[in-house]
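Number of protein chains: 4
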Amino acid sequence: MTNHELIHQFKKTRAHSVALCAPLAPEDYNAQPVAFASPPKWHLAHITWFFEEMILKKFDENYVIFNKDFSYLFNSYYQTVGERATRSLRGAMTRPLIEEIYSYRSYVDKHIVALLKSKLSLEIETLVTLGIQHEQQHQELLLTDLKHTFSFNPLHPVYHENFNLVQDTNKADGWLAMPEGIYEIGHQGDGFCFDNELGRHKVFLHEYKLAKGLVTNRDFIAFIVAGGYQEFKYWLDEGWSWVQEENIIAPLYWIQKEGTWFNYTLAGLKPVDLDAILSHVSFYEAQAFATFKNMRLPTEFEWEAASEKFNWGKRWEWTYSAYLPYPNFKVADGAVGEYNGKFMINTMVLRGSSVATSEGHERNTYRNFFHPKYRWQYTGIRLVK
Amino acid sequence: MTNHELIHQFKKTRAHSVALCAPLAPEDYNAQPVAFASPPKWHLAHITWFFEEMILKKFDENYVIFNKDFSYLFNSYYQTVGERATRSLRGAMTRPLIEEIYSYRSYVDKHIVALLKSKLSLEIETLVTLGIQHEQQHQELLLTDLKHTFSFNPLHPVYHENFNLVQDTNKADGWLAMPEGIYEIGHQGDGFCFDNELGRHKVFLHEYKLAKGLVTNRDFIAFIVAGGYQEFKYWLDEGWSWVQEENIIAPLYWIQKEGTWFNYTLAGLKPVDLDAILSHVSFYEAQAFATFKNMRLPTEFEWEAASEKFNWGKRWEWTYSAYLPYPNFKVADGAVGEYNGKFMINTMVLRGSSVATSEGHERNTYRNFFHPKYRWQYTGIRLVK
Amino acid sequence: MTNHELIHQFKKTRAHSVALCAPLAPEDYNAQPVAFASPPKWHLAHITWFFEEMILKKFDENYVIFNKDFSYLFNSYYQTVGERATRSLRGAMTRPLIEEIYSYRSYVDKHIVALLKSKLSLEIETLVTLGIQHEQQHQELLLTDLKHTFSFNPLHPVYHENFNLVQDTNKADGWLAMPEGIYEIGHQGDGFCFDNELGRHKVFLHEYKLAKGLVTNRDFIAFIVAGGYQEFKYWLDEGWSWVQEENIIAPLYWIQKEGTWFNYTLAGLKPVDLDAILSHVSFYEAQAFATFKNMRLPTEFEWEAASEKFNWGKRWEWTYSAYLPYPNFKVADGAVGEYNGKFMINTMVLRGSSVATSEGHERNTYRNFFHPKYRWQYTGIRLVK
Amino acid sequence: MTNHELIHQFKKTRAHSVALCAPLAPEDYNAQPVAFASPPKWHLAHITWFFEEMILKKFDENYVIFNKDFSYLFNSYYQTVGERATRSLRGAMTRPLIEEIYSYRSYVDKHIVALLKSKLSLEIETLVTLGIQHEQQHQELLLTDLKHTFSFNPLHPVYHENFNLVQDTNKADGWLAMPEGIYEIGHQGDGFCFDNELGRHKVFLHEYKLAKGLVTNRDFIAFIVAGGYQEFKYWLDEGWSWVQEENIIAPLYWIQKEGTWFNYTLAGLKPVDLDAILSHVSFYEAQAFATFKNMRLPTEFEWEAASEKFNWGKRWEWTYSAYLPYPNFKVADGAVGEYNGKFMINTMVLRGSSVATSEGHERNTYRNFFHPKYRWQYTGIRLVK
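Chains as they are written, first to last, in full-length UniProt numbering: chain V, 1 to 385; chain C, 1 to 385; chain L, 1 to 385; chain A, 1 to 385.
Please keep in mind that the hints were generated in silico from the structure rather than gathered at the bench. Treat the numbers as computed from the prediction; the structure is a model and nothing was measured. A few of these clues could be false.
[Said to hold, decoys possible] Restraint-style ranges between C-beta atoms, simulated for each label pair:
hint: 1; chain 1: A; residue 1: Ile-182; chain 2: V; residue 2: His-160; range: 49 to 55 Å
hint: 2; chain 1: A; residue 1: Glu-184; chain 2: V; residue 2: Val-18; range: 54 to 60 Å
hint: 3; chain 1: L; residue 1: Lys-110; chain 2: C; residue 2: Pro-179; range: 53 to 59 Å
hint: 4; chain 1: C; residue 1: Lys-11; chain 2: V; residue 2: Glu-99; range: 32 to 38 Å
hint: 5; chain 1: A; residue 1: Glu-161; chain 2: L; residue 2: Lys-110; range: 51 to 57 Å
hint: 6; chain 1: V; residue 1: Asn-247; chain 2: L; residue 2: Pro-23; range: 40 to 46 Å
hint: 7; chain 1: C; residue 1: Lys-270; chain 2: V; residue 2: Glu-5; range: 50 to 56 Å
[Stated by the list, open to error] With a straight-line Cα cutoff of 16 Å, these simulated EDC-like cross-link-like pairs (lysine to aspartate or glutamate) come out:
hint: 8; chain 1: A; residue 1: Lys-202; chain 2: V; residue 2: Glu-180
hint: 9; chain 1: L; residue 1: Lys-202; chain 2: C; residue 2: Glu-207
hint: 10; chain 1: C; residue 1: Lys-342; chain 2: L; residue 2: Glu-238
hint: 11; chain 1: L; residue 1: Lys-119; chain 2: L; residue 2: Asp-60
hint: 12; chain 1: A; residue 1: Lys-12; chain 2: A; residue 2: Glu-359
hint: 13; chain 1: A; residue 1: Lys-342; chain 2: V; residue 2: Glu-180
hint: 14; chain 1: V; residue 1: Lys-209; chain 2: V; residue 2: Glu-180
hint: 15; chain 1: C; residue 1: Lys-119; chain 2: C; residue 2: Glu-61
hint: 16; chain 1: L; residue 1: Lys-342; chain 2: C; residue 2: Asp-237
hint: 17; chain 1: C; residue 1: Lys-202; chain 2: L; residue 2: Glu-180
hint: 18; chain 1: C; residue 1: Lys-293; chain 2: C; residue 2: Asp-219
hint: 19; chain 1: C; residue 1: Lys-342; chain 2: L; residue 2: Asp-237
hint: 20; chain 1: L; residue 1: Lys-342; chain 2: C; residue 2: Glu-207
hint: 21; chain 1: C; residue 1: Lys-342; chain 2: L; residue 2: Glu-231
No residue lacks a Cβ here, since even glycine has one placed at the ideal position from N, Cα and C.
Take the sequences, apply the hints, and build the full model.
Here's what the structure looks like:
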């Protein structure tokens, strides 16, 4: 990639984060009602900190740190970098102020651009590209975290009237038949990928049929109406406990008023569109629904093997694959290495990408992963039989 | 009281709440890291809601409610009024915006003043006075809650350079000897008081000696140095569990750096002044310290009986009296009646008032009360022997 | 007291503990479903350990400890004696075996009797008397803990057919009028009492009327039928949370079957006798019931001042007095001093004694105390107006 | 299988359960300090209940139920059968008595044998075989649960002097090289297997080297000494949280005294034998140890593919395979179908069998599974490079 191209991508990505915050009031930047969803201010600062910490401090010998406290405050996970501010207290950090964060962004942007103009090594290109991808990940989180925070407000705040995000419908239906055989799985080529996609390897798959379309709200309401949430036999034991303890009766953000289902969207509270693709379900719900239909979820290998033959990109799709290392998976040295491998236990793989995914961030080898209970991403269900 | 006097008091109190928020940035208005400490925006709105709900809706027949959602959002406890927004989610309510809250305040102020000008009944006067006292209570909470929120920030934010609040020293020492006899306890006269102060009654007290000064930081450091926090024999069983589970080693907000004690204040992180009066201790610590000194804490009756003979007003002083009803205590009807009596279990009485108490809010019959573990108020220790 | 008398009391008390265990199968000796209720084997061993630890080890220079591990295993609270076995794991201690515990009892009995015969000092007499009273306390706990353990068993085990314990009725009704004045409170005379009863002192009481009878099951069912458990206004805030979180709808051990109330008793599951005195309520329920009746609970001082003028002794009666030290309360030195004073916070006083109290253990100055939520003792309600 | 053979297997298995309880005192039959480990009495009854519920009630038309309460009390999981007694309260069920359980066993044994003699269908044979395998599973649990219960006792009870179980050493070392290719995985043939082993299918494996021996105590102490438990980089994120929260510093049952490691065994407290095979580690520890060695754990497919070429059978071996359904996995109808498939989430596969496994219960296709934190089974580590 040329300097020019990389600078262009960098600037475009950085501008997109700012654009996502344009509809926000200052009051919206800080709130964090649950530990797993971070406030916008933190996201804006953290993705900036990544460029400072991983690139400027190492490759720009004249670089003066913007504010030494930020290393501490805006670090997320990377335990090798130093002590972390407690995750659940991000919302308590009323200072630094929003304008300080925007100054921080400008300062770091200026130095990154200058660095890219003056000396672009492969190592720097690799890290800047990683930083761009990292920022794109946080763009999606910023939106989904914000939706989650807003959802606790009985006023149903509107982020943007044109940002419903859950009204898409399927463009195809029927089943895609895949023959048994050996398939190659994992990333290849020169493009960017995360470490967990590497180690391209062979898997043997038996024949299977994959649905061309995703499960719709109409499909799922049939499950609700049939008493699916009250029927033990459809659920994994752990899923059943989750349903009981959390008193789950519908997908996240759904509210029933006088017999009609509404769902909270970034455009406010809206009636559930029966034709639209279902969103905001946990793995437990996805698995129970598949069992109810006498079908199953695909493995991540089945999904990837067929991924060029169907449309995807609206929902993160739950697979019945645990998130585990590929053969010959290697953890990178240092802080960057803490990125993905640390979570390879008790999480399930999601494939595809979602309506909230930033442009250019999707890949058919991408492995997203969450604990099976989480629902605040734009998650959906594709069936296999 | 004349209309004029009451309007003056009302305006003065309302203005003081706004003045307390003058040093705040918009980012500071919303944060709530722990459920028991509410954000400034909520306090500002809730004390306004009280005037709207308890007075304007009942006595001003032309009154148009400012915003019906606010009844729900800014109610605190009063379960008879309707469903409450979950207390721990006050910080999640990024909307309504700060400016809407200030508009709400102005709107209610205008109508209350108009009401007071037009028709002042005893009932209205009583409720407006209650509203003023209620707002003063929340002024103290606003400051102490804010200090608590700021204390989680490793940057040690400064609320105001001149607002240290913990540097006062004792003006007297020695012991005040009180003879045995029957004393009258509880409020008398026409002035305002809360329901829990009523039912003036007689108590018999045996002779006792009360310290004229409060325990200082120097006194308490002697307890720490003597291993007081590690010595089971000084502690109540429940206090000992609290020390173990919470890993308590010093008063709240104290940090030791290279052998020196610092404490976080609203003026930032400052060295602990040895001569200053101790602050931010729990009842457990107060009781353990008294045991360590072979003394005890006063009962609330001993405190009140002697209260005209010593200086108080810098710290809320823990007593060894549980917060229980006085003989013939009557709960008021309706929402106002939920005010105090509901908490007469497992809380201990504090007497006096503190450096954060609004002017005119202190009384020698005032009964504050908290669970024995709480330390975020400006609490202190007075000994008896 | 003569040697002979003390030996007689000692033997009688020791034999009673064994008699209480006569109906038990070996399987019953060990179970502990909840941390606060100890298994019979532990009670039998612990009350024996008290005599060994506090008396034989100190006053019998030839005494050989029965088994050094028992000091650790059967200590209850006394932190000055050494490390304690975790309270909630008493049920896990399948060894030592029951027969070893009975051997331990015989061994200690033999040595105590020998000691009392050979050299009876005032100090020894005092400690043996304390040990007897301590064993009597545990006799009541043994029964109530066992009932609680049995209550988890859907088979409703019968301890003894003749041991219903909750069928007593009131012998008197009406109200006892007490005039205002100064009353003396606390133990006097040479008889045994606990440290928390000492410091006889004066209190001033305003006039009051005390019910001669206790609240009956019929009275309390009226509260249930009137929706008392669903009506916030009757409850303390903390009591209301308890009702909600624990889903409380009736006194402990009550089960409704086809419209009829049954209660689990030590004689098995029995229909609730409407005329019998109510049992197994928490302080929260007692206070809510009194509020429902527009009355209140007595203070412990009101109870004691009138205690010679009414019948008591069937239920431990909740008072609206927190368990706090009397004026001039002194904690005894050493392990014995950890007995009572350590719990003087967040517990409420119960006065009287119960159907499960061992003969000779009741006194009108006795101060029992529990956290307001507990119901497994034979607790009841006496009203004041 | 002939009637005779099946009756022989049945009797042998039933007798073995009784033999395992021979060293127990009555006190040992009931204790349950933690919810996941059931008391011996419950195991003895539950495995009997299985034969009554699944076979006698369906196939013996003259069968009279031994005691209808037992259906409720000794059901474990099978939610389709009816309401379950709360799992954590099994230790509270002091009744029925031990002798009643043994009568229950004899009664059911007699009827099963009679049934097998009179009419042996394939369906009955299948269910009796399942019952035998089920009882064998519980035999292993009975031993490991008992060890866990005993381990809470500071007296270190001895189950049997000759039952140490953790002193075995490896019989081979070095590495077994396996070529890449397609392997067949899953059960084949007529012998018994569980539903989760069915669906024999092909997997493609890349080449790998598997250790012939298991990790020893000496190997693992090197990890401890090197600070492995304190080094974040070796641990999965969730494993690291577990280490911190549970304060883990060694395998389960290990105690360090004056520099020497001891471990609690069923033969009492013994010094750790450096040459013996490591036992009682969690998946987290297994994975961290493998990372420390720059190696990894095998997948369950790698393990099974090589299983005829190395010795196994002393430890359940953790694999880096999540417990997921094989292709075409079918859940059986009814209660039996709740057996295995319900747990296919957030559990990891263990392969092999252990020193506590009953004879005849091991298979190279057997898939055991536990949450990664559990350590009370005889678990071990085999490395791959």
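Hints, one by one, checked against the model:
About 52 Å separates the C-beta atoms of Ile-182/A and His-160/V, a value consistent with the hinted range of 49 to 55 Å. Here the CB-CB span from Glu-184/A to Val-18/V is close to 56 Å, well matched to the stated 54 to 60 Å. Here the CB-CB span from Lys-110/L to Pro-179/C is close to 56 Å, well matched to the stated 53 to 59 Å. Checked against the hint of 32 to 38 Å, the C-beta distance between Lys-11/C and Glu-99/V comes to roughly 34 Å, which is consistent with it.
For Glu-161/A and Lys-110/L, the Cβ-Cβ distance of about 33 Å falls outside the hinted range of 51 to 57 Å, so the restraint is violated. A beta carbon spacing of about 43 Å between Asn-247/V and Pro-23/L agrees with the range 40 to 46 Å that was offered as a hint. In this structure the supplied range 50 to 56 Å holds for Lys-270/C paired with Glu-5/V, their Cβ-Cβ distance being about 53 Å. A hinted pair counts as satisfied when its Cα atoms are at most 16 Å apart, and Lys-202/A with Glu-180/V qualifies at roughly 10 Å.
Between Lys-202/L and Glu-207/C the CA atoms are separated by roughly 11 Å; this keeps the pair inside 16 Å, and the hint holds. Proposed proximity of Lys-342/C and Glu-238/L is supported: the alpha carbons are some 8 Å apart, at most 16 Å. Between Lys-119/L and Asp-60/L the alpha-carbon distance is near 10 Å, which keeps this suggested pair within the 16 Å criterion. Of the supplied pair hints, the one linking Lys-12/A and Glu-359/A holds, its CA atoms being roughly 11 Å apart against a limit of 16 Å.
For the hint linking Lys-342/A to Glu-180/V, the alpha-carbon distance of about 28 Å lies beyond 16 Å, and the restraint is violated. For the suggested pair Lys-209/V and Glu-180/V, the alpha carbons sit about 11 Å apart, so the restraint of at most 16 Å is met. A threshold of 16 Å between alpha carbons decides the hint, and for Lys-119/C with Glu-61/C the separation of about 12 Å falls inside it, so the pair holds. Taking the CA atoms of Lys-342/L and Asp-237/C, the gap is near 5 Å; set against the 16 Å cutoff, the hint holds.
Between Lys-202/C and Glu-180/L the CA atoms are separated by roughly 10 Å; this keeps the pair inside 16 Å, and the hint holds. With a C-alpha separation of about 10 Å, the suggested pairing of Lys-293/C with Asp-219/C holds against the 16 Å cut-off. For a cut-off of 16 Å, the pair hint linking Lys-342/C to Asp-237/L stands: about 5 Å separates their Cα positions. Restraint check for Lys-342/L and Glu-207/C: not satisfied, since their Cα atoms lie roughly 25 Å apart, outside the 16 Å limit.
For the hint linking Lys-342/C to Glu-231/L, the alpha-carbon distance of about 13 Å falls within 16 Å, and the restraint holds.
Taken one by one, the earlier hints fail for this structure at numbers 5, 13, 20, listed in ascending order.
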